[in-house]
Amino acid sequence: MQVHKYDVVIVGAGGAGMRAAIESGQRAHTAVLTKLYPTRSHTGAAQGGMCAALANVEEDNWEWHTFDTVKGGDYLVDQDAAEVMAKEAIDAVLDLEKMGLPFNRTPEGKIDQRRFGGHTRDHGKAAVRRACYAADRTGHMILQTLYQNCVKHNVEFYNEYYVLDMLMVEEDAYREDGTAYKQKRVAGVVSYDLATGELHIFQAKSVVFATGGAGKVFKTTSNAHTLTGDGMGIAFRKGIPLEDMEFVQFHPTGLAGLGILLSEAARGEGAILRNSEGERFMERYAPTIKDLAPRDIVARSMANEVREGRGCGPNKDYVLLDLTHLEPAHIDAKLPDITEFARTYLGVEPYTEPVPVFPTAHYVMGGIPTNIDAEVLQDNDTVIPGLYAAGEVACVSVHGSNRLGTNSLLDINVFGKRAGLSAAKYAATADFVELPEDPEKFTSTQIDAMLNSTGTERVAVLRKELQDIMDANVQVFRDKDSLDRALVVIEELRERYKNVSVQDKGKRFNLDLLEAIELGFLLDMAEVMTAAAMHRKESRGGHYREDFPNRDDENFMKHSMSYRDATATTEGISGIRMETKPVIFTRYQPMERKY
Amino acid sequence: MSTELPEPASKIELKPGVGGGGEIPTFNITLRVRRYTPESTADAYWEDFKLTMYGTDRVLDALHKVKWEHDGSLSFRRSCAHGVCGSDAMRINGRNRLACKTLLKDLDTSKPITVEAIKGLPLEKDLIVDMEPFFQSYREIMPFLINDGHEPSGERYQSAADHAKFEDTTKCILCAACTSSCPVFWTDGQYFGPAAIVNAHRFIFDSRDDAGDMRLEILNDKEGVWRCRTTFNCTEACPRGIQVTQAIAEVKQAILSRTV
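Here the protein sequences come in this chain order: L and R.
The first sequence runs 1 to 595 under my numbering.
The second sequence runs 1001 to 1260 under my numbering.
No lab work stands behind these hints, which were simulated from the structure alone.
Some clues are possibly wrong.
[Stated by the list, open to error] A few chain L residues that face chain R, going by a derived Cβ cut-off under 8 angstroms, partial list only:
| no. | residue |
| --- | --- |
| 1 | Thr39 |
| 2 | Arg40 |
| 3 | Pro102 |
| 4 | Pro107 |
We put the beta carbon where it would ideally sit given N, CA and C, even for glycine.
When you get a sec, could you build the whole thing from the sequences and use the hints?
Shown next, in the form of structure tokens:
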């Protein structure tokens, strides 16, 4: 086992991790550990754009962007964080342009902007052109541009190093009022080198988690196979809370049956949704901005059309995205990739036929709680020195209960940069935390047990059962009964997981083993999502409880904070403690959310 | 700039059977995989798997079916599963393609479907190769914007026409399908290969970049663009539809005329 020492270790090489690395790498001895080659990260699958109030094509300002973000998140957004994001969005886009990102341009040569769901002029008056974009491959261009700049700055990557554990110590500490508490401190991470099967310890003054989401908890998802909630899972096991995990975004337009994403940019460019009667049904649900309503509303409307029998196809289980009134040349110029997805995977020609679509699990709004400097919190307000998180793994919270389209590409750039700066700054004056004894012990024990297991359960079987139960019960519509059903199965699967074995016993590229470990994270994330959904007895943003169909500000205008705690029981689930955290308000008071 | 459109109709008549659908047929295939498991067997060998698949399944689904239901040790890279991350380039029926973008129904399923690792890079295990030499060539062409002038406070302007000159080569996902389909690369691992040239092209023809001459000098090397024999394998292999051979030709032309 090798031990490496760095000032800053960044875990994950998607947009947030690489944006952090560009800052940190120029200021401190930095390593990036990533389970994929950096350009494979799922940031590259983002399509539509990145919003910033540049006002290049029409009047706009960051305050409107802040309002839209707060309202889009159904007022569960921490408004200080949303202000930071909307304000710094402008520089974030300009930074990318200077790094070389090839944005689409206006006839004058300025960065072009287009409409996106929930982004409006003057507090909801009409849709506004705010999304900067590169055709329908904006995420691809961001990922490539950030990687290019990492190459430029000689950032040190450890490719295909899976981080499986974080090294933490707890120290006795006292608050200002004299009460004692345990202060967590980070000492480093444990990683598994896929090529050799060896464990490597990385000791670091600062650790940045930028590991992305957990979409593979669900069957129908736009997420990559590798998005298994590793970073969230590691933090959760270490006693760090996860915030707002009940809020998962279901993107309205996944290719039916497959979940592959068709960007909201399609609707931004004029595409509309129709039901089996040919009706543009969004006119009924969001009379002002119709198909460009935020994702939670559109996804729920689609699911409702299907539920009421107006779905299309032989099983009446999807609706249609209609681009046929758009000029083919316009489609080719603005939406080339997604129209190719429709042709390749469904054999549908979007010029002439509407495309079958249905909501697909897309984005986890919740995650590891941080403040606006990307510092991780061990409770409602205690910072863990040297530990940072940014991007989908984190919850700042700028997305509240429903993220607006394009705000994730923005989040990774704004808070990725902040995480990199904070981590480097901290490392400049901090000392290393001494490694605990046998730092690799937890991980090596876990791996040996998995390799030596003679259990009869198969990873793929358990994973499929988990994904099926989550799709059936914890999707767009939820109620106590459905969540109960899911929990029973999740607990049963957690038991069966102890009896899992892998067939590949080797050291080289043992992806069989890694899939088994990833399943452990998925099971933890499914449990915490469902527990948090059970706890929130109201409907808000992406979380819709049919047994509590209204927003309840009196009891639930607060973040949920789930803790792994062996001694606690929440909603009948042992091992999870549920607390809450106040929402930060600055200028916007909650209003009814209409579009 | 986005075009203003008239409001679409609130209601339209849908043609019967619109939006595809119908029963998805199943069919049987033989997946013939080139295995290499150096921890147990010194030489590579072929292994057949008989599988029942669905009409919308891709080669990646067949590989997953093997790994998840038959043999967990079968090793291959994959992530996004819809052709944008570039992890799963492999040789399918002798042609470089992405497994996640190749539908089984588009292949001849009456014969075994062969799957092997891409060629020209060191084989590690089953369908996994060492990508490091590939990324080394990529890094050598300085794949980042270099601008001598002082940093502007706002954005740099670029006309749509200037943007169009290099847009095609920005689509590259570094999957190595092109480079590992190139006969010159197979025999000479020192050759930069099409992907590195494509990424050089992306900057050489970017009006905001000032280091075109340096990159052209690098590619004028004996292992540079002149090794290209215009066999078009790379263009056929590119899952993103990049006109790779044309990009290489434009770089050759630029070296000769030094107009950038």
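Okay, the hints, checked on the actual structure:
no. : hint   : in the structure
1   : Thr39  : holds, 5 angstroms
2   : Arg40  : holds, 4 angstroms
3   : Pro102 : holds, 5 angstroms
4   : Pro107 : holds, 6 angstroms
Comparing the model with each earlier hint shows no violations; every hint is respected.
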